[in-house]
Amino acid sequence: MLCSKCSSLAVIDGPVLCKGHFMKYVEDNIKHTLAAYGLAKKGEKIAVAVSGGKDSLVLLSLLKKLHGNVEAIAIDEGISGYREKTLIKAKNFCRKNHIMLRIYKFKDLFGFSLDSRVTEKDKPCSICGTLRRYALNKYAHSFDKVATGHNMDDEAQAILMNILRFNWSAIPQGGPSPGIVRDEAFVPRIKPLYFLAEKEVALYAVLTGLDVSFAECPNAKLSYRAYVRDMLNEYEFKNPGAKKKLIGFYLSLQPKLNSSSSSLPLKHCLSCNMPCKGDYCGACMLMAVN
Amino acid sequence: MKVFIEQTKKEKKLAFNGKVSSLLNRLEINPVTVIVTRNKVVLTQDQHISDKDEIRIISVVSGG
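Quick mapping for you: the protein sequence lines, in order, are chains A and Z. Quick note on my numbering: the first sequence kicks off at 1 and runs consecutively. Quick note on my numbering: the second sequence kicks off at 291 and runs consecutively.
Next up, chain A with everything else stripped away, as it sits in the complex (with noise of 0.2 Å):
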């Protein structure tokens, strides 16, 4: 199969690219979605939240190229054989790139890993899920933003997650920049991953040799998003483009979901301040738990 823009070897086969070809294409999508959203403001400072897999480090590689001001960090969840080999491969990239990593552990923020906290009965991501928002948001206040390394299809899978259980409230709050409700003890979260998908993402990361980690997290196959992206992927081979499709149709309803959502009020966590829904926010209510 030949490149759909010159003559030599694709590497990939939607859209059917060569090496230099599909380069450039991730190179313009990250740069697109930058500038139309405006997720990467001349002079701001971002903090790259980093795990050592592809997405992540992909992420840092091409925010520190196209925007220059970024630092990193990782949060250490306390995942026994899995999250210690994938900080390394965090801590190789920013040594050898010159960025600042900086890593906190659940434990000293907690009190306790996620590996002893969670018992049979329990949903590992969601906690996790739950407790890194607290923990990024915690550690990047001196930041303008940070940013994630989600691609199109975390979010094509949460978008149906949402629906799948009636999540409505937060069903609005995805996009490139998202969230609904601006707070200054909310840290701006940004997507620039958001239309690339996580196929694309980890080629770019293969073909520039960058040395990521491609395991699963061991507690990711329990998790209703594994059922999910397994549904969405079997879909996707069968009908190609299906989660672009899915993406554009949520970006399309966003602004009228906004609308609808504006008038929710804010709170504050009557615990730690941290604003949130309810009377207080969710990492409290999972550590009052423990």
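Any given hint might turn out to be false.
The list that follows gives simulated cross-link-like pairs (lysine-lysine, DSSO-like), each with its CA atoms no further than 27 Å apart [unchecked claim]: (1) Lys19/A / Lys292/Z; (2) Lys19/A / Lys330/Z; (3) Lys277/A / Lys145/A; (4) Lys24/A / Lys330/Z; (5) Lys19/A / Lys309/Z; (6) Lys105/A / Lys221/A; (7) Lys65/A / Lys107/A; (8) Lys31/A / Lys5/A; (9) Lys96/A / Lys85/A; (10) Lys330/Z / Lys65/A; (11) Lys5/A / Lys309/Z; (12) Lys302/Z / Lys221/A; (13) Lys91/A / Lys330/Z; (14) Lys31/A / Lys277/A; (15) Lys24/A / Lys65/A; (16) Lys85/A / Lys300/Z; (17) Lys221/A / Lys300/Z; (18) Lys309/Z / Lys238/A; (19) Lys302/Z / Lys85/A; (20) Lys303/Z / Lys292/Z; (21) Lys65/A / Lys42/A; (22) Lys330/Z / Lys96/A; (23) Lys330/Z / Lys245/A; (24) Lys85/A / Lys299/Z; (25) Lys85/A / Lys330/Z; (26) Lys299/Z / Lys330/Z; (27) Lys96/A / Lys65/A; (28) Lys299/Z / Lys91/A; (29) Lys299/Z / Lys221/A; (30) Lys330/Z / Lys5/A.
Honestly, the hints are just simulated from the structure, not real lab data.
Given the structure of chain A, go ahead and fit chain Z onto it with the hints provided.
Then chain Z, alone, in the frame of chain A:
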């Protein structure tokens, strides 16, 4: 043919001549979820591979 599955760090030996897409079909792997390489060169679904090749299959699926 030697097939190394990156995610499980396991190697399989099998007799195979044909397209990348046929190999994935035989291994019951969804092409959407993997990158296939031969000698560190990325292959597309239509490329022909043979018994002499050493193939690496990298899962792109992650997250929880």
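Each hint tested on the structure:
1. Lys19/A / Lys292/Z: Holds, because 25 Å separates the two Cα atoms, which is no more than 27 Å.
2. Lys19/A / Lys330/Z: Between Lys19/A and Lys330/Z the Cα gap is close to 13 Å, so the pair holds against 27 Å.
3. Lys277/A / Lys145/A: 22 Å, holds
4. Lys24/A / Lys330/Z: Holds. Lys24/A to Lys330/Z sits at ~20 Å (cutoff 27 Å).
5. Lys19/A / Lys309/Z: Within the cut-off at roughly 20 Å; holds.
6. Lys105/A / Lys221/A: Measuring from Cα to Cα gives roughly 23 Å; hence the hint holds.
7. Lys65/A / Lys107/A: Answer violated: Lys65/A to Lys107/A is near 33 Å, above 27 Å.
8. Lys31/A / Lys5/A: Holds, because 20 Å separates the two Cα atoms, which is no more than 27 Å.
9. Lys96/A / Lys85/A: Distance ~17 Å between Lys96/A and Lys85/A Cα, so the pair holds.
10. Lys330/Z / Lys65/A: 25 Å, holds
11. Lys5/A / Lys309/Z: Holds, because 23 Å separates the two Cα atoms, which is no more than 27 Å.
12. Lys302/Z / Lys221/A: 23 Å, holds
13. Lys91/A / Lys330/Z: Cα-Cα ~24 Å, so holds.
14. Lys31/A / Lys277/A: This hinted pair is violated, its Cα atoms lying about 34 Å apart.
15. Lys24/A / Lys65/A: 13 Å, holds
16. Lys85/A / Lys300/Z: Cα-Cα ~18 Å, so holds.
17. Lys221/A / Lys300/Z: 19 Å, holds
18. Lys309/Z / Lys238/A: 18 Å, holds
19. Lys302/Z / Lys85/A: Distance ~25 Å between Lys302/Z and Lys85/A Cα, so the pair holds.
20. Lys303/Z / Lys292/Z: 5 Å, holds
21. Lys65/A / Lys42/A: 13 Å, holds
22. Lys330/Z / Lys96/A: Judged against 27 Å, a Cα distance of about 22 Å means the pair holds.
23. Lys330/Z / Lys245/A: 32 Å, violated
24. Lys85/A / Lys299/Z: 15 Å, holds
25. Lys85/A / Lys330/Z: It holds: about 23 Å lies between the C-alpha atoms, which stays within 27 Å.
26. Lys299/Z / Lys330/Z: Answer holds: Lys299/Z to Lys330/Z is near 16 Å, not above 27 Å.
27. Lys96/A / Lys65/A: Holds, at roughly 14 Å.
28. Lys299/Z / Lys91/A: Roughly 23 Å between the alpha carbons, so the hint for Lys299/Z and Lys91/A holds.
29. Lys299/Z / Lys221/A: The hint holds at about 18 Å.
30. Lys330/Z / Lys5/A: 23 Å, holds
Checked against the numbered hints given earlier, this structure breaks hints 7, 14 and 23; the rest are met.
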